[in-house]
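Given two chains presented individually in distinct reference frames, assemble the corresponding complex, making use of the accompanying hints.
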Amino acid sequence: MAWIELEHLSHCYQAGTEQEHRALDDVSLAVEEGAFVAVLGANGSGKSTLAKHLNALLLPTSGVCRINGLDTAAAADTGELWKIRQQVGMVFQNPDNQLIAAVVEDDVAFGPENLGMPPDEIRTAVREALACVNMTHYRKFAPHLLSGGQKQRVAIAGALAMKTRCLVLDEPTAMLDPQGRAEVMETVCRLHEQQGITIVLITHFMEEAALADRVIVMADGRVADDGTPREIFRKAAALKAFGLDVPLATELGLELRASGLDVPQDILTDDELTSALVTLADYPHGLTAATREGRG
Amino acid sequence: MSITLKHVAYVYMPGTPFEHQALGDISAVIEEGSLTAIAGHTGSGKSTLLQQFNGLLQPTAGRVLVDDVDINPKAKKDRAAARAMRLKVGMVFQYAEQQLFEETIEKDIAFGPKSLGLSEEETAERVKEAMRLMHLDYETYRKRSPLALSGGQMRRVAIAGVLALRPKYLVLDEPVAGLDPRGREELVKTIRHLHDREHVTIILVSHNMDDIARLADHVLIMNQGRLVCDASPREAFAQENLLEGAGLKLPHVMALMKELRAKGLPVRMDCLTIEEAKREILNVLKAVKGKGGKKHAQ
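Line by line, the protein sequences give chains A and B.
For the first sequence, counting from 1, position 241 maps to 241 in the working numbering; every step adds exactly one.
For the second sequence, counting from 1, position 149 maps to 149 in the working numbering; every step adds exactly one.
Honestly, the hints are just simulated from the structure, not real lab data.
Here are the simulated BS3-like cross-link-like pairs (lysine-lysine), alpha carbons at most 25 Å apart as the crow flies: (1) B/Lys114 to B/Lys143; (2) B/Lys168 to B/Lys88; (3) B/Lys189 to A/Lys240; (4) B/Lys189 to A/Lys235; (5) B/Lys278 to A/Lys235.
Same shape as in the complex, but just chain B (with noise of 0.2 Å):
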């Protein structure tokens, strides 16, 4: 099962004189079980990419399907389906913190559930879910009101309003933005935890880099409404030239990685966390000493 595009295409305003092409041609497949990173400098279309996965944009050519089923139909019988298959993926926007609106907590996170006209035991049980998903203990927020939270525990509940509709896919834009060390921290092992142990599909947009090192194992590229790489982590950043034609940066280990090498210590670059970067240096250093030193060696 998988989030497929075919050829998708989308144009803003068209027939205006605002008309203007967002994506262009744009296929890719996102597999169940997978945690992919879209990354792109500003205005390179992955915000309008991320629109087109549960249908707030259709797509102006091509298709969107989710698990096989087209969410665009143009045949009325199948409307009810591809309406399923939307509610199959949640999307949390960016500084999703500013749409929490209710007094309490709980109220919040049920306020999805109870739209999807879900009884009153189901809706407490799926917030009980969400709330233990995002590391909210239950008994200790549920009374409190979402607005006297820190940064960091406010976008959890944001996070967990959406993962309460019990999304298969979830999409997350920029999660971590804004957020002080602690709370970004806390946020990228709740959604590691999310992936690895609860097994949802997690698509994340971000311009951070480390952050898309250190969590994604598929990444895809935007450049100028293109996509322009599908790829690992480790091969997608391999390629400079591409990241610095998108206007991104190297993960930051890599860039230290490349310095080095630069200066002469042989290190392997494509090194994605600090850990890694740590055991290449020590393994280098360790084999220079053997030789008796890099001056001497050479």
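Chain A with its partners taken away, still in its complex shape (with noise of 0.2 Å):
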């Protein structure tokens, strides 16, 4: 049984009125303990409505979402949402939204207080939670001090905090300045990383996606492509015509083989482009001719 199910789920907005809108339609995913998934679309293709059912903020309107074997709907009838939130942490766009407290070690206690932690475990998790998200030195400062990129990180801690098995991120970084981003990034990775979190992602930027093991693309409040980044990002024109794009050294690459070069059509990072390059120039009669030297 896969971490997150997803069986033919739907959601309408405003049902049974003039306005109905269906944003999300018979969409069906399994995502394993541990993935980190990417979800790509353009505005309006589901993938915020999507995110918000991970966590029971939405219910299926019909379909079927399972969080770690818990429906959320059943949950929701029985009183037992918080089982679901306490294991899937949300963190959005606007990092002013979603601090509340005036110091940011009591914020990152919020979660945990309401689970009922007992203080002493509190003040160990917050602890802990701060350090993962490289924080602890600023646990005493006022959330509006700090940077965009901070803000989120202790957003990601008061998920930690409560000892969240899975973090939604919708557009995290979308309104941070460039270090800001890297910081945001890098403790996903690291988290995803050292501690098995499961992520979802949801992102405008190509290279942010291409980290992940799995891109998700959503068009139309459907699931349009599913793959690793490799599979989805060559190609190109089919991401161009859901309104995404690739990553510039995906781009780059692809414009070079179509002018004639022999640079391979899957390429993902600067890293993987310049060595095919280099490769080229030092074996001027293609790649392919390179691997077969190489392999001879």
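In structure tokens:
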């Protein structure tokens, strides 16, 4: 059984009114524990609606959403939503909309307090969570004095303090400057690698999506494509038709390929592209010849 | 004609324990017709600088001239002229779509011209023009609610609201931040069109060096309240130490070319667009090939 399971999930906003809008349309997905999934999609493709189902901020209009075996709709009926929200932490786009306390460590303690954790456990949880996101130094700061990247890391710590197993991040870097973006992405990758936390990252930055193990492309409320970053980004034309893009190295690689250079089709990173080009310079008859020579 | 800053300094909350010098001795000229980018790390003073351009903040020291008129005059008799000049500078803030409030797009864009006391006809004409400039079809959109649009379209409506004031200088603070890739691409094209075809002078603030590289013809880089670079993008981005000191990065294309050079392919680094990079790589590889391969040439 997968950790996140969506079965024929549909969601209608304002169902039964004139403004009825089907944001998710028969989505079925399974995400294993410990995965790092990036979700891409143009505005209005349904990706935020999808994210909000994962910690039961929204419940399916039809179909099923199960988190670690718990059906979100059933949990809402039996008053067990906290069991889901404790396991799935959400981080939203605007860092100013999700910090509530006057001091960083109080903010991080908010979740565990609500779970009824004993005070000394809360203290330990808060300390560990802040250490995980490299914010220990700022524990006594007022959140409004922090940079955007720091605020997002505090928001992540708030989820970690609840011993979350999964982080759902809805465009966490959209409002940040380059340094803030790098800090947040570095934190997300580290939590995934070192603690095995399941990551669902919604993003408009293709370079961030390239860091994931799996990319899901949403369009018109449906899953339009699903695969490894390498499989997804080689389909540059299809992605652009969905209003998306490919990483810069991929795009330049494809352009060079179209001009007759023998570079691989599925380049993801700068390093891969530059290495391929240097190899081409070493072996001017083409990479295919180079590989043959290498193997020979 | 130009926006000219002469030794502008700005101090927040002077005389209090929170006193903070946000700008120190800035002198610069933003020429009419240019597409100027202001780059800087968060807290570098770029937003404070921006607000000097139309008198939202008044300098603690120094002068701001718009088309040779001081917009913060001492004498009462000069105030009317100063106000007229301030109106020539249109300001679009970050996440401007958060300021949309009217029931229809048409009404929202008309708010500015109406507040100026323009006639119904003049207002209607300006709304039409502003929508055309922002590539929003008048008949399709005018009766729709601005709040029911996509992020990119909402941002267009917000910019149209400022364009309806017919500014000569348009200041855009992070105009493409937070948009999806298509919204970003389309808005970049519209901004370019506004500058190239409609001859609006554009000043844009961004921390995205890629956007600056492909759009701007003039770059001002701020660091800790000081202007540390005033040059063309190519010249500005050639000074990597200066960029790094200001907490900025090279445009991605240039970083890639730099990596390629470090790995031994003798490419020029100062490519600002994918197209330029592609041509340079093809040329260099052709030259290398002519010599029978890099290894053999060495």
